[in-house]
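Undergrad: Now for the letters of each chain:
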Amino acid sequence: MRPFRLTLRVALVAAGTLLCKPLPAVAQTTLNVVTAGDQNMVDYVNNYLGPKFEAQNPGVKVRAVGTGPGDAGSQKIYEKLSAQQKAGTAAWDTDVAVVHQRGAATMVKESLLAPYTKEVSAGKMATRDSSRNALGQNVEGYVIPMFHSQIAFAYNPAVVKQPPKSYAELAEWVKKNPKQFGYNGVKGGMSGVGFVMGWVNANAGMGDQLVKGPYDASKKAVIDKSLASLKDFNQYVVMTPGNAGTLDMLNRGEIAMGPVWVDMFYTWVADGKMPPNVKLELPQPGLPGQPMYYVVPAKAANAALAKKFIDFAASPEIQAEGIVKQFNWYPGIDAQYVKAKMDEKSWNKLFTDITPDALASYGKPFPLSEYFTDILESYERVVLK
Amino acid sequence: MNRRSWAGLALASPALAIVAVFFIGPLVMSAVLAVRGKDGGLTTEHFAKAFEYYSTDLAFSAAIVVLSTLGIGIVAIAIAGYLTLGEHPRTLAFLRWLYRWPLFIPFIVTAQVMRTFLAKNGMLNHVLIGSGLIEPLQAQSLLDWRGIVIAFIWKQAPFVTLLLAGAMAAIDRQHIEAARNLGASRLRVLFEIVLPQARRTLLVGLVLSFVAMLSVLSVPMMINPNSPTMLTVDIAYRINSHGDYAVANALCLMSLVLASFGAWFYLREAARKAQA
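Chains R and G, in that order, are what the protein sequence lines are.
If you're matching positions, the first sequence starts at 789 in the numbering used here and goes up one per residue.
If you're matching positions, the second sequence starts at 9 in the numbering used here and goes up one per residue.
Next comes chain G alone, as it looks inside the complex (with noise of 0.2 Å):
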């Protein structure tokens, strides 16, 4: 190597040092104490029980994140599409104002509300009835797998919804114009002018907060902690009221295998994008 390559090594150093110290470390350390028996040596018990005991809350798990990822797409092309193609200005200023709103607020708090806002006898139950949309004896508590995922949904929109609108605003108008002086209407330029062109970052956004609501605790947790739950619930339950934290950590890998998806996802849009 000459000089100038350990120059650039040296100055890198730091951020890798961190990334080993931080990350991989503790990553292979959660690796080892998965596949470790009480006697030391390599054993797949851990995870035969996770399988045995949380294979629901597996598939509980990536059927939440999915669908709150295709709710969260659907949404931020709604309001991002209306953000670029809208033509009334006041409604345009204040949608711009309100969506941001749920990105200041930290998912525990998005729980809190979400629970008096969602149960049977809450507030959206309370304003369905006054306005005479439902019958009393109808209400019924959001508080199980729709809770999670309306929660999911409210939170993370405004961020896809901010990098689509950004994404969008920076597609020439001319093609815009164009297609609607041929007499295009706003939904068609929407989905097949705008939207194709503003693919790419819209899919980093949706892997970006696939990846952050598999990891989220605080929603599940105060939302819906009883079967079937989140893993994440799964793992503290094994840490805090057992203290066992072998199968913990394999619960850990099996939910790192979701997220590699996520991961997979990005790397190959990011090195597509390299090659364009």
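Isolated chain R (complex conformation) (with noise of 0.2 Å):
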């Protein structure tokens, strides 16, 4: 017996002694950063962000939480700050939150937000249409983009001399050359939602009203006729895994074109995954993109050093250096802030493909939220039947 309490003694003491440590210096405060998005998100706020802005803040502490990629990773959000609204809960243990339009656009309605942005400098310097309309809700006032993202098909020049220059023309194209063109249907990624958005803008005749509405309800009829023809181009294609998937596909040479995220385009190529001689083509009449917003919950507990976060985080140096230079993304704040505190060289790589003009008139935003549903379900009805 003697020798097996000793041992617990000695065991005790170490426990109590680790329990024990001395508590560092200056209170600590956490700042909870709750992002949706791929798994390069909780890396951009624990790897650059926090490290940053912890050094120019003693005694705080960044953490990072990821919800998982697309819309599914915002609601997740969504379902938290909601959950504690209805608990009546007093402080919220979300203190900034990074979600899609789709997001932003409910919490908003939903009173789930604070308006935030008169309050920091960064504000002044998002003026873009997207800082004050998500998917026809508006967010003036609660929301800074932290970046902006793009779809874009990626294509192989070694077999694709010429690409398709719009959907039109992709819709000839891969009857010439069948299962060359892989995209990730509409439950495998945005990549693949956004190509069916795109398909219905080109072929809908709805114009702008897919993206500014007014809603119409009766639409549906016009929406299910102009994926019909969508049906008929899916037996031409390759049906991809994922957004990944179809850069995996792109980089084994499986096929050679594909709609993708221009930022995992890039990092892939950086990575040495994916050829550099791989080229995007934004085609027309244009695929859309979305930034990701930050966001402050409407009851945050450090509602006052989450403002200041955000306020460092969409700097115009920050978002020089980490968002373009290092993340690929296109900035959230207007590009003329941004492209001042860079060298011209690195702000050229993100336009070497698509030019700031293609991406002005091709690049669109999403269809309104109500569109939106309307579309995804049509596919399922139409397209996958």
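Don't take each hint at face value.
Said to hold, decoys possible - In silico DSSO-like cross-links for lysine-lysine, where the CA-CA straight-line distance does not exceed 27 Å:
id, chain 1, residue 1, chain 2, residue 2
1, R, K949, G, K128
2, R, K1007, G, K46
3, G, K128, R, K1013
4, G, K128, R, K1019
5, R, K1173, G, K128
6, G, K128, R, K964
7, G, K57, R, K1008
8, R, K840, R, K906
9, R, K1061, G, K128
10, R, K963, R, K1173
11, R, K897, G, K46
12, G, K46, R, K868
13, R, K967, G, K128
14, G, K57, R, K1007
No lab work stands behind these hints: they were computed from the structure.
Using the supplied hints, reconstruct the complex from the two chains, each of which is provided in its own coordinate frame.
TA: Written as structure tokens, this is what we have:
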């Protein structure tokens, strides 16, 4: 028995010492940053933004939590905030959230967010349409875009000498080159969803009504009709498993062309996971892109610190160095402020294949959320049946 | 009730409470949400929608899982049969060591491995082309229903083999030896002497695999998330992209009906065993 008791005592003492470890001299405040999106979003906060902000603000610890890619990630943040609102919690444990447009629109509608952009200097530098309007919902004052991302066609110029310049040309092209174009449907990530939205935009003849409204439920028939041709188109293409799946298949040479997120594409090229000769192309009449937003929940526990954090994250220096140079996103705040902080070469790298003009003309917002849902459901009813 | 049965009930109550809170409760909630309309009234619209959109996927899920279960049965009988009747000691030892590996690999890892292994320009086709078995132009991607079936069989067959090999080992060796002495081939011994005696264990293993495969999200999600796909992908999609718990719950109940075939089978076998 004895040796056992001794061991126990030693263990207890050891545990006690560990527990009573002296606390740091400065009281710690933890800033909880919850971000939707792929792992690169969490990496960005943990490896880049967090350490820089902590260095400037002693006693602050930035903790990033990821909730997963696509609208699903934003949906989880929404559900959490909504639950805290319904429970009547006084201080919500999310200080800063990074969400997609659809999530931001719902959160503003249900008063889950605090207006803050007037109180931070970066607020004046974000004046693009996307900082006021998210899928038809007015979000002015509640959001600052962290970055903009864009969907484009990636193609292998060794196989595709003359890439189709429009959706109409693509529909012809796939018939001549069956199984060379691949996309990921609507259940495998947003690049496929964006491709389908672009298809409806190109074929439904609804013009700006899709993105500007007003919403008209009777247009469902028009959407159905425009997607009937996509069913035919699908016979000549490959369905890929996910956003990364399209890139994978391009990389292995199994397809020659497909819609991808521009930032993911550049990251893959930089990591050597994609042949550097693969190029991007933005077809007419356009593919959608979207920002992700920095938002502050209505009852964030550390609201003041949260605003300071966003002001820092959206500053031109950080946008230039972190967003554009390291992570290959298009800047969230207006381009002229960011460009001034960068060398010409890094800035131009972002626009190698897609010129700023093409981006301005053919980079579209996603449709209004009602149309968005109608199109997804119509795809399941018309194309997948 | 006498004192003894009260004590028994008290002892069982924590377990019963866990079943009630974590299984029966959510199940009832799920059923309620699936039939509750926006106004709170009773409705079948969610089921109607689930059928309209996903009846193909329901049939696809059932077909995939039945096919995989058959495949698992064949592989398990082959391996367990050789382990019981095989005569080459080194092959036996090697097989015994090798076949269990997939047991320790999670479904999602299996899916990830298959995703690169079965792709058009993946490892399998490289090997086939390299060994001259197929021409490069014949190479095709197996990342569709076949990929899912292959992943399921690869992952679940060892589990059933483990159960089956145990049951076969428990059979009296004299039966086997008697049959061999009378000149029966090993194949005949397997199908006429060994397998009938281990049949019940095989069925139980297959039913458990059947139910497990129905609930796997990662494999269809990573190998073939496009149409037609399995119900699990659709359930995740309804929740993640639409926040639509009602249709998702309707789909859950539909896959519960599929799974309950397995449960019914299992209970029937268990009842027979209890009688015997």
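Undergrad: Evaluate each hint against the coordinates.
TA: Results for each hint:
For the given pair, K949/R sits about 23 Å from K128/G by alpha-carbon distance, which is consistent with the 27 Å threshold. For the hint linking K1007/R to K46/G, the alpha-carbon distance of about 23 Å falls within 27 Å, and the restraint holds. A C-alpha spacing of about 33 Å is found between K128/G and K1013/R, which places the hinted pair above 27 Å, so the restraint is violated. Straight-line distance between C-alpha atoms of K128/G and K1019/R comes to about 23 Å, which keeps the hinted pair within the 27 Å bound.
A hinted pair counts as satisfied when its Cα atoms are at most 27 Å apart, and K1173/R with K128/G qualifies at roughly 26 Å. Between the alpha carbons of K128/G and K964/R the distance comes to roughly 20 Å, so the proposed pair stays at or under 27 Å and holds. For a cut-off of 27 Å, the pair hint linking K57/G to K1008/R stands: about 16 Å separates their Cα positions. Taken as a hint, the K840/R and K906/R pair is honoured in the structure, with Cα atoms around 24 Å apart against an allowance of 27 Å.
Distance hint between K1061/R and K128/G is fulfilled; the C-alpha atoms sit about 17 Å from each other, no more than 27 Å. Distance hint between K963/R and K1173/R is fulfilled; the C-alpha atoms sit about 21 Å from each other, no more than 27 Å. Restraint check for K897/R and K46/G: the C-alpha separation of about 19 Å stays at or below 27 Å, so the hint holds. A C-alpha spacing of about 22 Å is found between K46/G and K868/R, which places the hinted pair at or below 27 Å, so the restraint holds.
Taking the CA atoms of K967/R and K128/G, the gap is about 12 Å. The hint holds against a cut of 27 Å. Between K57/G and K1007/R the alpha-carbon distance is near 20 Å, which keeps this suggested pair within the 27 Å criterion.
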